[in-house]
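**Student:** Single-letter residue listing:
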Amino acid sequence: MSEPARSGITATGFSARRLTALVRKESLQVVRDPAAILIAFLLPVVLLFLFAFAVSLDVRAVRLGLVLETDSADAQSLAAAYAATRYLEVTPARDRRTVAAQLVAGEIRGFVVIPQDFDRRLAAGDGSAIVQIITDGSEPNTASFVANYADGVVALWLADRGGSSAAPLGLEPRFWFNPEIESRRFLVPGAIAIVMTMIGVLLTAMVVAREWERGTMEALMSTPAGIFEILLGKLLPYFGLGLIATLGCALLAVGLFDVPLRGSWLALLILSCTFLVPALGQGLLISAVAKNQFVAAQVALLSGFLPALLLSGFLFEIDSMPVAIRALTYLVAARYFVSSLQTVFLAGDVWTQFVPSMLAMLAIGAVFFAITARKTHKSLDP
Amino acid sequence: MSTRLPAQIVKELLSYLRDPKSRLTLVGPPLMQLLIFSYAVTLDVNNVDLVVLDEDAGRGSHELIQRLQGAGFVNELSFVDDAHALAAAIDRREALAALHFPADFSRELAAGRPAVAQVVLDGRRANAAQITLGYLSAIAADTGAELARRGSGSAAPRTELRHWFNPNLIYRWFVVPSLSGILAMLISLLVTSLSIARERELGTFDQLLVSPATPLEIVIGKTVPALIIGSVLGTVMILAGVLLFRIPFTGSGVWLLGGLMLFILSMVGIGLMLSSICRTQQQAILGTFSIGVPLVLISGFATPVENMPDWLQLIAQASPLKYYLVIVRGSFLKALPSTDLLANMWPMLLIALVTLSSAVVIVKRNLQ
Numbered sequence: 000m001s002e003p004a005r006s007g008i009t010a011t012g013f014s015a016r017r018l019t020a021l022v023r024k025e026s027l028q029v030v031r032d033p034a035a036i037l038i039a040f041l042l043p044v045v046l047l048f049l050f051a052f053a054v055s056l057d058v059r060a061v062r063l064g065l066v067l068e069t070d071s072a073d074a075q076s077l078a079a080a081y082a083a084t085r086y087l088e089v090t091p092a093r094d095r096r097t098v099a100a101q102l103v104a105g106e107i108r109g110f111v112v113i114p115q116d117f118d119r120r121l122a123a124g125d126g127s128a129i130v131q132i133i134t135d136g137s138e139p140n141t142a143s144f145v146a147n148y149a150d151g152v153v154a155l156w157l158a159d160r161g162g163s164s165a166a167p168l169g170l171e172p173r174f175w176f177n178p179e180i181e182s183r184r185f186l187v188p189g190a191i192a193i194v195m196t197m198i199g200v201l202l203t204a205m206v207v208a209r210e211w212e213r214g215t216m217e218a219l220m221s222t223p224a225g226i227f228e229i230l231l232g233k234l235l236p237y238f239g240l241g242l243i244a245t246l247g248c249a250l251l252a253v254g255l256f257d258v259p260l261r262g263s264w265l266a267l268l269i270l271s272c273t274f275l276v277p278a279l280g281q282g283l284l285i286s287a288v289a290k291n292q293f294v295a296a297q298v299a300l301l302s303g304f305l306p307a308l309l310l311s312g313f314l315f316e317i318d319s320m321p322v323a324i325r326a327l328t329y330l331v332a333a334r335y336f337v338s339s340l341q342t343v344f345l346a347g348d349v350w351t352q353f354v355p356s357m358l359a360m361l362a363i364g365a366v367f368f369a370i371t372a373r374k375t376h377k378s379l380d381p
Numbered sequence: 000m001s002t003r004l005p006a007q008i009v010k011e012l013l014s015y016l017r018d019p020k021s022r023l024t025l026v027g028p029p030l031m032q033l034l035i036f037s038y039a040v041t042l043d044v045n046n047v048d049l050v051v052l053d054e055d056a057g058r059g060s061h062e063l064i065q066r067l068q069g070a071g072f073v074n075e076l077s078f079v080d081d082a083h084a085l086a087a088a089i090d091r092r093e094a095l096a097a098l099h100f101p102a103d104f105s106r107e108l109a110a111g112r113p114a115v116a117q118v119v120l121d122g123r124r125a126n127a128a129q130i131t132l133g134y135l136s137a138i139a140a141d142t143g144a145e146l147a148r149r150g151s152g153s154a155a156p157r158t159e160l161r162h163w164f165n166p167n168l169i170y171r172w173f174v175v176p177s178l179s180g181i182l183a184m185l186i187s188l189l190v191t192s193l194s195i196a197r198e199r200e201l202g203t204f205d206q207l208l209v210s211p212a213t214p215l216e217i218v219i220g221k222t223v224p225a226l227i228i229g230s231v232l233g234t235v236m237i238l239a240g241v242l243l244f245r246i247p248f249t250g251s252g253v254w255l256l257g258g259l260m261l262f263i264l265s266m267v268g269i270g271l272m273l274s275s276i277c278r279t280q281q282q283a284i285l286g287t288f289s290i291g292v293p294l295v296l297i298s299g300f301a302t303p304v305e306n307m308p309d310w311l312q313l314i315a316q317a318s319p320l321k322y323y324l325v326i327v328r329g330s331f332l333k334a335l336p337s338t339d340l341l342a343n344m345w346p347m348l349l350i351a352l353v354t355l356s357s358a359v360v361i362v363k364r365n366l367q
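Chains U and X, in that order, are what the protein sequence lines are.
Using numbering that gives the first Met the number 0, the letters of the first sequence map in sequence onto residues 0 to 381.
Using numbering that gives the first Met the number 0, the letters of the second sequence map in sequence onto residues 0 to 367.
One chain only, chain U, in its complex shape (with noise of 0.2 Å):
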């Protein structure tokens, strides 16, 4: 401080050497701070495991119940065709009475009925109902599921029988960038957006707040440090730690959890530098507006974490929601930034698609930012 001219240090203006301290400070409180280990490095392996594993939406072996109320060759061919499927785990009946016990239990998501008159239903050739098909209606997205298997296997069966039966306007499906159509391709890359919104939103709204809690934040601003410094020294080690639980994600993702990375780790590293802007502008914003922990963590949950995990179209389709509601995911960073990053790993490096994305991510950034510089600004006022 004894040569203010040779070392930059003024009381007005920029200093990189100020700044550097003052990033110095920070990253030593975060790499002390359990709570931050824990959300940057412990919560994002247990989430990106638990979007692997539990939450599938690929259906594995659905039980379903088979009643056979005839004996026929035919019926026992389709029978038979049932059994052999790979996504139904047949349970044969011979009466309705026992299986929708069980659908009302649970213990089966669905079951065919193949009637007594079978036989004369399918020679007659007048477009009858072969078969009843019953879902469980409870859960939708299952009952669509086995309505529309159950209904292909008798599709196949009519078709191997005899050609004229068969369906004779088809289609041929391609599901491009995920041929084995497995969830947890495009359910990892979205959980990483989970994990940076917890880091840039959660964490710095938590730790920031404490700041102001606690009165150091005050002390911080009663330095020569300006309050650009201090805001620039408190985010940026945020941003490193963000950076490195992105790429230790990332990592796991392509090494443990088998998700290709088709585009590039530059275009990775571009986004997620990207997305971090509105993150931590928003944690940064809410400790601002709360001055308070648990108010800022309930804000930070409320306004951060769940409308990343239920309105970024991560898990739940944005096309398929309400116009009001789609019109408020337009608001929420994370939107931009799942859909790059399922394009980046699973497509490769679509810069028409990534372009607008950012642009979006960087102006809801600036938006948060200028409220929280209004915000700081007023509260140094006396």
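To be clear, the hints were calculated from the coordinates, so they are not data collected in a lab.
One should not assume that every hint holds.
Claimed, not checked - Straight-line C-alpha distance at most 20 Å; calculated EDC-like pairs for lysine to aspartate or glutamate:
no.	chain 1	residue 1	chain 2	residue 2
1	X	K10	X	D141
2	X	K321	U	D94
3	U	K374	U	E210
4	X	K363	X	E93
5	X	K363	X	D103
6	U	K290	X	E200
To be verified - Partial list, computed: chain X residues near chain U (C-beta under 7 Å):
no.	residue
7	D43
8	Y134
9	L160
10	N165
11	S251
12	W254
13	P303
14	D309
15	S337
16	D339
17	K363
Said to hold, decoys possible - Here are a few chain U residues that sit away from chain X, every Cβ distance over 10 Å (derived from the structure):
no.	residue
18	V22
19	I129
20	T222
A virtual CB, placed ideally from N, CA and C, is assigned to each residue, including glycine.
Chain U is fixed; fit chain X onto it per the hints.
**Tutor:** Chain X only, in chain U's frame:
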């Protein structure tokens, strides 16, 4: 003990409900979340954007495209001129699915051979894509059957489909009961995990320990208020499901209330265990988060438990929410019989007994 315990319960309840602000933070956010998320959380597929590359331009493709334009799940159907534009639309996520009719599509159809159109789906959104494929296949099969009937006069056999309990597969009927359980769970977990941690931070926990109250009384004193708050909130949200969202309620309200209280009791037990370990409120909040999120994810809320790997299904048995979801969904839609209700109630009772007695033991150890 007879006057001490009620006094403590009243004191705890007052600490939550005393001022209007804390009353509001207790009741407001869960109800708001129930409203927003019941509309947001949907695995239905609507408003799908499709692109079509029609190299055929014959009767067959025309017929199918017309039907797609009229289909309820389609938002916008646009045409592209070449495979390159088709690929670009998928890459940029402008379309969820793309149909490609080859040049000989109508010719094959006219010749009585099966005509096949290619469908490209966005695997990044594989779930929505799979459901869309289901819709598309149904429409294609319908169109094919119609064309065949016009051609030959005879119709192919079909299947008859019925969805029980929820005939139109309204996703909200599934989500609202589940959300009522999840939100009640998170609130009771947060309230209890903060209760001891806050007293510890303020130093009043030591006062409680030196008071004549026994560890059992302390735990009961913390349990009952949280049980009341969680059960009331859970009931309010169930009522919202019946009155506001008009979801049919076919089961028994008394049984459901019993299930709800057992569920809250088991969550309070977990919360108290957590609380007696945490030193500060910050740790309690983070602990709630670290325990609550996994408990929700392995409960089968978003995706059925049977989709999980076997070892995880085993762990899922420890989540009280798993059992309560069966009870609350079943009570709404399935008129769940008492044997199935009981089968899902005793595991929650077991979890509650284990966690609550552990909480007593931990408090006891604090005394020494």
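**Student:** Does each hint fit the structure? Answer for all of them.
**Tutor:** Status of each hint after checking the structure:
A threshold of 20 Å between alpha carbons decides the hint, and for K10/X with D141/X the separation of about 67 Å lies outside it, so the pair is violated. A C-alpha spacing of about 30 Å is found between K321/X and D94/U, which places the hinted pair above 20 Å, so the restraint is violated. Pair hint K374/U plus E210/U holds up; C-alpha atoms about 16 Å apart against a cutoff of 20 Å. The suggested pairing of K363/X with E93/X is violated, with an alpha-carbon distance near 61 Å, which exceeds 20 Å.
A hinted pair counts as satisfied when its Cα atoms are at most 20 Å apart, and K363/X with D103/X does not qualify at roughly 81 Å. For the suggested pair K290/U and E200/X, the alpha carbons sit about 18 Å apart, so the restraint of at most 20 Å is met. At about 5 Å, the closest approach between the beta carbon of D43/X and any beta carbon in chain U falls short of 7 Å, and the interface hint on this residue holds. For Y134/X, the interface hint is violated, since its Cβ never comes within 7 Å of a Cβ in chain U; the closest pair sits about 9 Å apart.
For L160/X, the suggested interface contact is upheld, since its CB lies about 5 Å from the closest CB of chain U, less than 7 Å. Here the hint on N165/X is kept, as its CB sits about 3 Å from the closest CB of chain U, short of 7 Å. Contact between S251/X and chain U, as hinted, is not supported at the beta carbon level, the nearest pair being about 14 Å apart and thus beyond 7 Å. For W254/X, the interface hint is violated, since its Cβ never comes within 7 Å of a Cβ in chain U; the closest pair sits about 14 Å apart.
For P303/X, the suggested interface contact is upheld, since its CB lies about 6 Å from the closest CB of chain U, less than 7 Å. Below 7 Å, beta-carbon pairs count as interface contacts, and D309/X has none with chain U, the closest being about 10 Å; its hint is therefore violated. Below 7 Å, beta-carbon pairs count as interface contacts, and S337/X has none with chain U, the closest being about 12 Å; its hint is therefore violated. Here the hint on D339/X is kept, as its CB sits about 5 Å from the closest CB of chain U, short of 7 Å.
Taking 7 Å as the C-beta cut-off, the interface hint given for K363/X is violated, the closest approach to chain U being about 26 Å. V22/U, annotated as away from the interface, keeps every beta carbon of chain X farther than 10 Å; the closest lies near 23 Å. With a least beta-carbon separation of about 4 Å from chain X, I129/U fails to lie farther than 10 Å from that chain, contradicting its non-interface assignment. Even its closest Cβ contact with chain X, about 26 Å, leaves T222/U beyond 10 Å, as expected for a residue assigned away from the interface.
Checked against the numbered hints given earlier, the structure breaks hints 1, 2, 4, 5, 8, 11, 12, 14, 15, 17 and 19 and satisfies all the rest.
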